Amino acid sequence: MSSEMISSTADTNNVPVSESGEIVFERVSKFFTTSTLPAVDQISVKITDGDLVVILGPSGCGKTTLLKMVNRLYEPDSGKIWVGGKEIHTLPVNELRRKIGYVIQQVGLFPHMTIQKNISVVPHLLGWEEKRINDRLEMLMQLIGLPVSYLPRYPRQLSGGEQQRVGLARALAADPEILLMDEPFAAVDAINRECLQGELIDLHSKLNKTILFVTHDVEEAFRLATKIIVMRAGKLVQYGTPLELVTQPENEFIEELVGSNNILRKLSLMNVNSILKARENHFYDADKSQPVEKNSAVLNPEDDLRSVVSLLLRSGRDSLPVKDSENRLLGTVGYADLREMLISNLSSE
Amino acid sequence: MNYLVNNFDVVVELFLQHLQLTLAVIFFSLLIGIPLGLLLARIRWLRGPVMSLLGIIYTIPSLSFFVLLIPLFGLGTRPAIIALTAYAQLLLIRNWLVGLTNIEPAVLEAARGMGLNGWQRFWQIEFPLALPMLLAGIRLVALSSIGIGTIAAFINAGGLGVLLFQGVITNNYDKIFTGALAVTILSFAANYFIRYLEQRAEFRIYGKRI
Ligand SMILES: Nc1ncnc2c1ncn2[C@@H]1O[C@H](COP(=O)(O)OP(=O)(O)OP(=O)(O)O)[C@@H](O)[C@H]1O
Ligand SMILES: [Mg+2]
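Protein chains in written order, with my numbering: chain L, 68 to 416; chain P, 138 to 347.
Hint data in this document are derived by calculation from the structure and do not stem from the laboratory. Keep in mind it's a predicted model, so treat the numbers as computed, not measured. By construction, the Cβ of each residue, glycine as well, lies at the ideal position given by its N, Cα and C atoms. There could be a bad hint or two in this list.
Okay, derived cross-link-like pairs now, SDA-like style, lysine to any residue, Cα gap no bigger than 25 angstroms in a straight line [what the hints assert, rightly or not]:
1. L:Lys-184 x P:Phe-325
2. L:Lys-184 x P:Phe-314
3. L:Lys-184 x P:Leu-334
4. L:Lys-276 x P:Glu-246
5. L:Lys-184 x P:Ile-306
6. L:Lys-184 x P:Leu-277
7. L:Lys-184 x P:Val-147
8. L:Lys-184 x P:Ile-240
9. L:Lys-184 x P:Asn-309
10. L:Lys-184 x P:Asp-311
11. L:Lys-147 x P:Leu-280
12. L:Lys-147 x P:Asn-254
13. L:Lys-184 x P:Glu-335
14. L:Lys-184 x P:Val-187
15. L:Lys-184 x P:Trp-260
16. L:Lys-184 x P:Leu-141
17. L:Lys-184 x P:Thr-307
18. L:Lys-294 x L:Gln-305
The following residues of chain P were derived to be distant from chain L, with all beta-carbon distances above 10 angstroms [claimed, not checked]:
19. Leu-168
20. Met-188
21. Ala-243
22. Glu-246
23. Ala-248
24. Leu-253
25. Ile-262
26. Leu-266
27. Gly-344
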C-alpha cells in the first residue's frame, strides 16, 4: 500500500514511462526452423496506452507468434519491442511477465490449486501481504462476476465459462498495465462467449488497461476492438479502427475479410450522432420543426445505424425523432440520412 | 508355524533388515531417478537411448547381477542396493516421465507466461501434478525390491531371503513358509501404504474418483 502511494506521488512530477501500457513493435520478425518463410515479417506498430487492440487474421498468419513475443515466450529474430517505454530485454524476463497479464484459450488453470490459490500465485511471487491479497481477491471476484464462495473450489468444479473468468482474474491479479489474450473465448459456447465479450468491454472501460487480443473471429474483433491489426502470412496488412477497415479497406483481402460490402456491418459501426455531426459540418437542414407524434419510437444519439434501420422498419415511418438523455429533441433521422451516410463513406475510399 | 513362534525376534530382525534394504533402494533410486527423469522430460532425444539402456539393465538376471558386483563391491548390502537401484531406474523413471510429460501444455504455458521461474514451476506445478505417477513408480520399485531383495540374501545382504535360503538348504518347510509369509506381509503393507499416498495426491488434482 505504502509503495503504491509513493509511486503515485512520483507520477505527478515525473511520469514513469513503465507505468504506461503502450506497446511498440519496431520491424519485428520471427522465423521458426520449420519454415523458410517468417512467421512474423517486419511488423512495426504502435499500440496506444489504454486501447483494446485486436489482432485479426486467418489461421497460421502469425497472430499468436506476435503476441508471445511481447512477454518473451518467443524471442524475435530481429526488431525490437518496447513495453511502457522500456525495451523488453532491459528487465529480467520473469519480472516483465509478472507485469503483463496473459490469458490463453485453454485457460491453463492449475488443477491442483483452488481458485483462490490460482488467482494469488503472482501476488504471492511479488511478496504481497496476506491482507492485500485477500482484498484483491474479493475485488477480482466481484469484477468477473463470480461469488466469493467459489474461492475454495477447484477448477474442475467450474464450468468452461467460469474457468475462463477465473483465468482473466488470475491475469489481472497483480494489476498489470497490459493484458495479452490469445483467443480466450474460442472454446466457450456462443451464449457464454457473448457474455464474456460484453464483460471484457465493460472491464476495459472500467480498468483502462491496454489489451492485445488475438482472434480469427471477425465478429468478435468488430465487437471488441478500438483498433484492429489485420495480419496475413506474417505481415501487417492494415491497422485501423473497425470503421476505417470497413470504409477504407487497404485491399481486396481486407474487403473480403471484414465484409466491406456488408452494408449492415457498416451501419452497425456508425451511430445517430455521426449523422447529426455530419449535418453540422455540411450546414445541412437540422429539421427540428417537425412535430413529434406521441407514442412514436425515439432514437438516442448513441444508437447504431443498424438498430435505427430496424426501428424504422418496425415503426413503419420514414424518419424518427432523436432525443438526448434530457429528453431534448435534437432532430430527426430517416432513411434518407442512412443513404447519405453510406454514400459519403463510399466516396471517401 | 512353530518356527515363527519360537524365533519371533529373529524373524522381526530379518523383516526390519528387509525393510531397510527396500527403503535404501527407494532413497537412492529417487536420488538418481528424479533429476534424470527431469532431464529426459526436457531433452526429448535423450529419452530413447536412456530408456533402452535402463531396459537392458532390467533384463540382467538378478542372481548373476549380484554375483557380478561382488568383485567390485564385495559381499553384503552394498552390491544388493546397487543392483536393486539399477533395476529400479526403469520402473521409476518410466512413471515419473509419464507424469511430467502428461501435464497439460497449457498449464505449463500459463505458468511460464505468469512469470514463474524454472524452480517455481517445478515445485508449484510440475511436482504436484506428476506426484501420483511418481508414487506409482515408487510403489513398483518397493514391490520389486522386496521381491528381488530376497535373492540378495545369497550375497550376505540379509533380509527375509535368509529364511528362504536356509529353509531350502535344511529342508525346513516351516522356515520357508515363515519367510514367504513375512515377505508377503511386507509387500502388501508397502503396496497399501504407497497406494494410499497416491490416492491422496490424485484426489488433490482430480477430485473424487468413482
Ligand atoms: N513453436 C513453433 N514451432 C514451429 N513453427 C511454429 C511454432 N509456432 C508457430 N509456428 C508456425 O508459425 C506460423 C504462425 O503461427 P501462429 O501460431 O502465430 O499462427 P496464428 O495466427 O496464431 O494461427 P491460429 O489462428 O491457428 O492460432 C505457422 O505457420 C505455424 O506453423
Ligand atoms: Mg494462434
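Check your understanding: Hint numbers the structure violates, sorted upward?
Key -> Result: hints 1, 2, 5, 6, 7, 9, 10, 11, 14, 16, 17, 21, 22, 23, 24, 25, 26, 27 break, sorted rising.
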